[in-house]
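Colleague: Protein chains in written order, with my numbering: chain A, 1 to 324; chain B, 325 to 636; chain C, 637 to 1117.
No lab work stands behind these hints, which were simulated from the structure alone. All C-beta atoms, glycine included, are put in the ideal place defined by N, C-alpha and C. Heads up, some of the hints might be wrong.
Said to hold, decoys possible - Looking from chain C toward chain A, a few residues come up when the C-beta cut is under 10 Å (computed):
1. 800
2. 805
3. 806
4. 807
5. 820
6. 824
7. 888
8. 1103
9. 1107
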Amino acid sequence: MTQKNMVQAINEALRQEMEKDDRVVILGEDVGKVGGVFRVTQGLWDQFGDDRVIDTPLNEGGIIGAAIGMAAYGLRPVPEIQFSDFIFPAFDQIVSEAAKFRYRSGGEYSCPMVIRTPVGGGIRGGAYHSQSPEALFIHVAGLKVVCPSNPYDAKGLLTSAIRDDDPVLFFEPKRVYRAVKMEVPDEPFDVPLGKGRVVREGDAVTVVAWGAMLYEAISAAETLAESGIECEVIDPRTLWPLDLEVITESVEKTGRIVVVHEAPKACGFGAEILQLVTEKSFLHFQAPPTRITGWDTPFPYTLENDYLPLAHRIVPKLLEVARY
Amino acid sequence: MSELLSIYRHALRARLLDERLSVLSRAGHIGFHPDGQHAETVIVAATLALGEGDWVFPTARDHAAALTRGVSLEAYLDHVVGNANDALSGHASPGCYCSREKKIAPPTSLLSQHLTQAMGLAWGVKLRKEQAVVLALLPETAADAGDFHSAVNFAGVTKAPIVFVVRTDGSEAPAPDVEVADKGIAYGVPSLDVSGDPLHVLEAVRIACERARGGEGPTLIEARISADPGHEPLAMLRQRLIDDGAFTENDDLRHRRDVLAEIEAAANAALSGGVPALDSIFEHVHAELPAHLVRQREELRSLHGETPGEGS
Amino acid sequence: MARFEFKLPDIGEGVAEGEVVAWHVKTGDVVKEDQPMVEVMTDKATVTIGAPKKGAILETLATVGQIVPVGSLLVVIETDGATPIAAASKPAPAAARTSTKPGPSPVAAKSSGDGPAATAVGDIRDTLPGGSFFGGKAADAKASSAKAPGAQSAARESDYFSERPLATPVVRKLARDLEVDLKRVRPSGDGSRVTLDDVRGFVGGAPTKAHASSVAEPARAAGHMPGVAGRAPVSLSVPAGTKPREGGLEDRKPFVGVRRKIAERMQTSVNTAAHFTFVEECDVGRLKELRHRMKGASEKAGVKLTFLPFIVRAVVAALKKHPVLNSALDESTNELVTRKYFHIGIAASTDQGLMVPVVKDADQKSILEIAREIDRLGTAARNGTISSSDLGGSTFTITSLGAQGGLFATPVLNFPEVGILGVHQIKKKPVVKHDQIVIGEVMLLSLSFDHRIVDGHVGAAFAYDIIEVLESPEALFLDMA
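My request is simple: use the sequences and hints to build the entire structure.
Modeller: In structure tokens, the structure reads:
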């Protein structure tokens, strides 16, 4: 057990799964010799060589299309898209092809692959390096969507994702990459997909957040705790399929729910979570289900801290909901 | 049976099925039918060049490839009707038939998306240092799409064992005045420009497969078929075989009748094959059924008066 | 055979619920159509509901004394033969699913070109289920929805805090579990929301733990509602040592029906309004003469002329001068509502108990018209044939205490009205006029007011205006001109 940041934890999961299963291959732009723009795959090319860690042309549609073909052949590709903002040239291959391969072949074919891609803002990256497109993929039947918030979960969830028989979008919150260090077991372990976690217990308001925004939610909850209002913070970890039970169980205790996410509000994943909870736990509500999100604008470059739903925006909303 | 006769028999079967499916579609018995656009002779010839361990990536118009790979008329019609016996659970659009056993990949209705996938599978074969060739079929128009260029570019980079066969028929779609074969060359993929003669296509694909098996990488083949009704490929092939004495007009008519009867029987069987089980809507979304789909399945079952948990 | 489920209909105008007062049938009875089945008491009247169909009573779903919301199941009748209603409500048979494919030998059936227009991507049909929706029905839907506001105002209930109470789902759940009608719970939350504590208070439980929510909304006990305001229920028992008597020591009957309704209303009134009573005497000698002079004409018109129509007119005249007496407090919106119409309730004692039939638009009626109306209402109330539209909706009430009215009384407000006039017997009494003792025809008036809204001097001025008219009744006719 050693202290690791998320980059190290993900790197370790990749290495260990590649050691365990020679069908696991990595492909993407500069993932080989360079080790990826965020150095997440550093050292893997040295260890596994050209046939396992593959630099590709700059062509996201080609990367994902090729990965689908590899998966159809029996490999377990782990393609990397440098930024989730760059995923859209591959959107068609992910949405029309990978997501539906199993379904439209009646189970004849499957598409076991993990698309790793850094997500989110707060790194002064501007519109092409900051977006959070998770909801676009959750909307598509056949995809699983994961977003770890810490190094431990990142390693365990990536291990599960690679072993999963379906396509998984693995969003890595880039602001957390090196900002958080924690004890992560050196040996392989998994964190099951589809299981959320109560990060902080409380009885006043249920707050759901993932990725980098989890830390903002926790920070806001701690501020409220100074006034004796204890919020329960939940990290779904796997966004889809969602662990609805862990959320509704909490909401049925608190009667109040707030979802925080970086992505814009309209049709964001917060809307889906709140509606699912409403359908299940409506009679427990003591306050309107509430979202705190990025604005319905493109992601700005200069004023990104005014775009993101940071703790200073979360605190007053939580108070409002707690006192409703 | 000569290779030419074999090509003719496969292509004729595909054509007669094509015509029957068009009628069934217009009569509302099946959802729709993406017709084969008279490319059967090229598709059959290219497919016959493959060995059993090789793969084919057809488009939704290329049912001739599936039939040539040994898919039965019954299985194909079960798919087109989407009945209870459909191996694809009634999930796929008509024409998008696939079979892992016969190494037929899931086709796409968008006509070009399969090309990068074919490239990826071939790349996988190479990475694993195994032996197999991938045949990717496409119409001329698909060579305008980004996926075609992505796939051929990747093939040029990876030297994967793949053969692209583009049939060109002088399509009316706007295009620059360059040959498709030139596009392959631009990406470093050796390209052949052959006539629509099925024997030429067969020979070209065989050569390309040999190259691929020898580790020499991809090949692009442009096969020219005529859009002119007087030079309709199947009719020309038929006349050629009659001229060669392979069969008489009467032999051919008898053969056609037999194939039509076979198609008719398969169609009737398929149309009375019932609908897939209700639960099949939720099958194969993922390897395992997640909780939200279990709930939705219960909801659908209850609409049909089935008690929760009961199979259908 | 078929089951017919009979649900409590809206038996008044916008009645929300009714109390079952008596059953005339029991399970197993065979009933004819329209045979009296059950008596249901609403805020407005008691109604006998007849059997909607002939058949056998399978089940009665409410007990005497139970409050039943409109629309809830009241009785199940097994009728003769299948009823179309029951048949239509059955779910579509599962077999429908298999019929989407053509029948036998489908392939030979149609020549190309028949059937729907087949395109490269399937059937493009020119009809759709529900396609006729846009064929002019939308306008109808609009027209019918335009009626809704009127219906809403008709449904307004004087002893409800709000016809559409505001409450979060968790409060509604609690209210449902405790069988509490949220309309009757006094809201204490922000924006007039009913809170959890309001509901708990309503049923008599102490407000529970102070949650984050109730930190900002200090728990206020809802202490104003009938019979429940934070006190333990009274339990009566026979004192030890009481001698036995023939026929038992007690007779216990359910406290239901009109009596309980009266009790609830009285308690609401007394617990909510700040009552004060003003008493003054009035010499009605000239009124007596006037009435006597009009008697001939009224008898010709077939109307029995009492003093009441004159008093009604006097009250209306005074209300016009003091509009606040014709007002009521809407506590759900915290607004004082001054009514510009004059509906005068006339409290009447009946065998069933106290009823308040209403003379509507009394300001627009002549003395004789009012007399005729009072006569009609009184007869109907005593016969029990009064319709719900004649009950409720008054803006001010007069209670005539008659021959046994005593010297004076302290009338209880017909809540949420803010004034009530009690009139007492006319007695000959020595009065001083122009420094001489003469025999006067003296009547005492007892006026109760809601001190929250009506100040003492306003109430007094109102009383003196009534007295002035009654002492100089000719003014009534001038007023009418």
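Colleague: Each hint should be assessed against the structure and marked as holding or not.
Modeller: These are the hints, each one checked on the structure:
1. Hint status for residue 800 of chain C relative to chain A: violated, with the closest Cβ pair at about 17 Å, above 10 Å.
2. Below 10 Å, beta-carbon pairs count as interface contacts, and residue 805 of chain C has one with chain A at about 4 Å; its hint therefore holds.
3. Because the smallest distance between the Cβ of residue 806 of chain C and any Cβ of chain A comes to about 5 Å, under 10 Å, the interface hint for this residue holds.
4. Interface restraint check for residue 807 of chain C: the shortest CB-CB distance to chain A comes to about 8 Å, inside 10 Å, so the restraint holds.
5. Interface hint at residue 820 of chain C: violated, since its Cβ lies 20 Å from the closest Cβ of chain A, which is beyond the 10 Å cut-off.
6. Below 10 Å, beta-carbon pairs count as interface contacts, and residue 824 of chain C has none with chain A, the closest being about 14 Å; its hint is therefore violated.
7. With a least beta-carbon distance of about 38 Å to chain A, the hint placing residue 888 of chain C at the interface is violated under the 10 Å criterion.
8. Checking residue 1103 of chain C against chain A by beta carbon gives a least distance of about 54 Å; that is not within 10 Å, so the hint is violated.
9. A distance limit of 10 Å between C-beta atoms decides the matter here; for residue 1107 of chain C the minimum to chain A is near 59 Å, and the interface restraint is violated.
Violation of the numbered hints given earlier is confined to hints 1, 5, 6, 7, 8 and 9; the remaining hints are satisfied by the structure.
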